[in-house]
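**Q** Listed below, chain by chain, are the residues.
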Amino acid sequence: MRWFRDAGHLGRVALLLLLGVGLFVVARHFAVPRGFGQYGHYRGPVLKEIRAHPVSYAGREVCEGCHSDVAEKLAGGRHKTVGCESCHGAQAAHANSDDPGAHKPPLPNALALCARCHQQNHSKPKNFPQVDAMEHSGGEKCTSCHNPHQPKPGA
Amino acid sequence: MQSLIHGVQGFMYPNEVELQWSVLIVLYPFITGLVAGAFILASLERVFKVQAVKPTYRLALLTALAFLLVAPLPLQLHLGHPERSFEMYLTPHTSSAMAMFGFVYLWYLLVVLLLEIWLDYRADIVRLASSTRGWRRWVYRALTLGSSNVSERALRIDERAGYIITLIGIPSAFLLHGYVGFIFGSVKANPWWSTPMMPIVFLFSAMVSGIAVVMLLYMALVKLRGVRIDVPCVDTIAKYLFYTFLIDFSLEMVDLLHRIYEADESFKTLDFMVQTRLYASQVVLQILLGTCLPLALLAVTQIFRLREGARIALYWIAGSLTLIGIFAMRWNVVIGGQLFSKSFLGYTTYKLDFITREGLVPAILLTLLPFAILWVLVKLLPPWLADEVKA
Amino acid sequence: MSLTRRELIEKATKFILLTPAAAAALEALDSGSIDTMPDKYKQAEHWWAMTIDVEKCIGCGACVQACAKENQVPDGHYRTWVERYVIDGYGDEQPEVDSPDGGMHGFPDKNRPGAKTFFVPKLCNHCATSPCVQVCPVGATFESPDGVVLVDESYCLGCRYCVQACPYGCRYIHPEKQTVDKCTLCYHRITKGLTTACCEVCPTQARVLADLKNPNDPVHEFLRNNAVQVLKPHMATHSKVYYRNLDGAVR
Chain L
7 MRWFRDAGHL GRVALLLLLG VGLFVVARHF AVPRGFGQYG HYRGPVLKEI RAHPVSYAGR
67 EVCEGCHSDV AEKLAGGRHK TVGCESCHGA QAAHANSDDP GAHKPPLPNA LALCARCHQQ
127 NHSKPKNFPQ VDAMEHSGGE KCTSCHNPHQ PKPGA
Chain H
67 MQSLIHGVQG FMYPNEVELQ WSVLIVLYPF ITGLVAGAFI LASLERVFKV QAVKPTYRLA
127 LLTALAFLLV APLPLQLHLG HPERSFEMYL TPHTSSAMAM FGFVYLWYLL VVLLLEIWLD
187 YRADIVRLAS STRGWRRWVY RALTLGSSNV SERALRIDER AGYIITLIGI PSAFLLHGYV
247 GFIFGSVKAN PWWSTPMMPI VFLFSAMVSG IAVVMLLYMA LVKLRGVRID VPCVDTIAKY
307 LFYTFLIDFS LEMVDLLHRI YEADESFKTL DFMVQTRLYA SQVVLQILLG TCLPLALLAV
367 TQIFRLREGA RIALYWIAGS LTLIGIFAMR WNVVIGGQLF SKSFLGYTTY KLDFITREGL
427 VPAILLTLLP FAILWVLVKL LPPWLADEVK A
Chain Z
15 MSLTRRELIE KATKFILLTP AAAAALEALD SGSIDTMPDK YKQAEHWWAM TIDVEKCIGC
75 GACVQACAKE NQVPDGHYRT WVERYVIDGY GDEQPEVDSP DGGMHGFPDK NRPGAKTFFV
135 PKLCNHCATS PCVQVCPVGA TFESPDGVVL VDESYCLGCR YCVQACPYGC RYIHPEKQTV
195 DKCTLCYHRI TKGLTTACCE VCPTQARVLA DLKNPNDPVH EFLRNNAVQV LKPHMATHSK
255 VYYRNLDGAV R
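Protein chains in written order, with our numbering: chain L, 7 to 161; chain H, 67 to 457; chain Z, 15 to 265.
Bound conformation, chain L alone (with noise of 0.2 Å):
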């Protein structure tokens, strides 16, 4: 009994750190964020966050709902794994639009555009084909005898 009295203040400490470590329970329990742990060890709802981001290029299918012509040309020429907004950039905002010839895209600048694909490095592929521009045309532009859409001249 008297080994209890004198560790009285033993007792005290433990208490607090008892309701320290209750405090921290209870506080646990309604901080921990929403959905936590739902799939794993992370926040569930964060994958319909990150799902929400917008869209800027909307793919090649979308493309050839409209542009059907162009995409038939392109399938049957050298440039079929060519992406349209490989080219003619990011084409979301147009596609989208209720006025797609309000957002037209620009044409691109066919000379900076076909060089960088095309101009020679010698790190390059050794098939693919690839020139020095000013050599290959003296400074002509490309699509003077290229259709970009079916680059092979003649075709």
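Just so you know, the hints here were simulated from the structure itself, not pulled from any lab data.
All values reported here derive from a predicted model rather than from experimental measurement.
Heads up, some of the hints might be wrong.
What the hints assert, rightly or not - Residues from chain L that face chain Z, not an exhaustive set, calculated with beta carbons under 10 Å:
hint: 1; residue: P39
hint: 2; residue: G46
hint: 3; residue: S62
hint: 4; residue: V88
hint: 5; residue: E91
hint: 6; residue: V137
hint: 7; residue: A139
hint: 8; residue: S143
hint: 9; residue: G145
hint: 10; residue: E146
hint: 11; residue: K147
hint: 12; residue: T149
To be verified - Using C-beta positions, here's what the derived DEER-type ranges look like:
hint: 13; chain 1: H; residue 1: K254; chain 2: Z; residue 2: G90; range: 42 to 50 Å
hint: 14; chain 1: Z; residue 1: R238; chain 2: L; residue 2: S143; range: 36 to 44 Å
hint: 15; chain 1: L; residue 1: G28; chain 2: H; residue 2: R202; range: 30 to 38 Å
Heads up, the beta-carbon is just placed ideally off N, CA and C, and yes, glycines get one too.
Following the hints, position chains H and Z against chain L.
**A** Below, chains H and Z alone, put in the same frame as chain L:
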């Protein structure tokens, strides 16, 4: 090959150019190491009954507490979102080495350090609660937790409880700092960090730095208060410093030899880094000035019979160099680990800012803060023994 | 084609516009399971990956530009980038690597007779055993049920441990948000049936999004018929970006 953009030499992955962990993350293991080291020195007296170091027992505990209170601050200041740090307690990710820090820290602060200090000071607190006036009286009264039982039996119980807590405290101190080492040692992507030796090396270097800082603080406080220095006490501490430092040095050399001999894919890159960008801080500051020199000086005090004054002068120099060396070691681990590319093809540069959030000024302030806290603690809970003699 | 042009565009527009709207509306509702969402996407039916054919990459940087545009990637940081390797030999020489602006504007020619040289596109490897996810102290970065490594930017502390843990240098701290940022594999696109922005614009189809759980995905044939490799296989991260024709010198 030597293209120099943003201090980059060779090739870094584009996102690697910017360093992620700054001087504040250097401070974190440095300060935590002082805590663990100081506590282990205190436990020498309590558990291993080394009576000679008794004059530093309480000082070591208060030092540990002062540094422990500051330890999370550099981390907090470094976070992109400090206001979210409580999430570590809400949803700790059990697979993350870092997640447990909050719990290890609280355990060490609340269960080990505060409790041990409280039990040891309880009789003094009860006495001071009735002998002081004004606001101090209220502080002491609060610290008694409403119990003024200082009967012989109660104090015997305290002594016993304190002993048990120290027993728990030693592995806890090992855990605290071994764990800090693990945070770095477990990053498999970084060959400069990734080694199972890291926790062990961190632990021993922590002991070295903690012992050195308590030794220096004791000598400084003795001078400031104009009392006679307890020479056998500092002699003993210096002896322990020497031995722990020898073990620490050997471990680091084993690690180094292992790396040189294995010479894995990262070796050439890391070797070049040590020879160039890390030369001043690693070879000169850490190894030569911060390890070899203090070890040699301490060896002199152990081997030759020097006069008291000469010995103490050497302890001063060796202790200070030790702290510089251990700080350099933390620097080389944290900063060095980010200077090379994980492609092993290039190096970047760390630019230490001056007054920004992670700059030099906050780092210096954070280094001084524990001393300010210690000053308050020493005023509040004087650690001096009753049988001191005026110089 | 069985659908008329008008029908198709209506369908496609709905697909793009309505799904985020539906997602946003659902956001307001009590957080139910994603599987109860009235959209067609079922996480359990997908396991996302990517294939990269080094031999097809021409280093044009269209992927880097498209990624930056689609995801508002801050300047000087890269969710995807292209590296150029120039290898003089396989003895003691280090390969010479560069990636000016992440390759966003292409590469000036470098003619070194006798050297082997090629481009390597890089992005988050969406590892199945991600070291970055392992070290996140709070669960702010995670592997989604469909195999994409994502970041919860409203929960990230900005401690940067994950940046240290990624062996591939794919993560960075967003300078404004002060949270970690990385490739999401265009999660907002692939869950709507679109491909990623980088794959959408890749002119040579060097990079192709793949769904390993879809039995009809050409990825299975690709993996079966080619020698493929992942980056730093010794890291055992179970990377899901599979490279064809990857040189051993690439790190």
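**Q** Is the hint on V88(L) kept, meaning its closest Cβ partner in chain Z is under 10 Å away?
**A** 4 Å, holds
**Q** The hint names S62(L) as touching chain Z; please verify it with the least Cβ-Cβ distance against 10 Å.
**A** Given a least distance of 5 Å, the restraint on S62(L) holds.
**Q** Indicate whether the distance between the beta carbons of G28(L) and R202(H) respects the range 30 to 38 Å.
**A** 31 Å, holds
**Q** Is the interface hint for A139(L) satisfied, with its Cβ closer than 10 Å to some Cβ of chain Z?
**A** 12 Å, violated
**Q** Between K254(H) and G90(Z), does the C-beta distance stay in 42 to 50 Å?
**A** 27 Å, violated
**Q** At the C-beta level, are R238(Z) and S143(L) separated by a distance inside 36 to 44 Å?
**A** 43 Å, holds
**Q** Let me know if the C-beta of E91(L) comes in closer than 10 Å to any C-beta of chain Z, holds or violated.
**A** 6 Å, holds
**Q** Was the hint right that E146(L) lines chain Z, CB cutoff 10 Å?
**A** 21 Å, violated
**Q** Let's test the interface hint: is any C-beta of chain Z closer than 10 Å to that of P39(L)?
**A** Status holds, d = 7 Å.
**Q** Taking 10 Å as the limit, does the beta-carbon of S143(L) come near enough to a beta-carbon in chain Z?
**A** Interface hint status for S143(L): violated (18 Å vs cutoff 10 Å).
**Q** Once the shortest beta carbon distance from G46(L) to chain Z is found, is it less than 10 Å?
**A** 6 Å, holds
**Q** Hey, does the V137(L) contact hint survive, CB to chain Z under 10 Å?
**A** 12 Å, violated
The structure fails to meet hints 6, 7, 8, 9, 10, 11, 12 and 13 from the earlier list, while all remaining hints are met.
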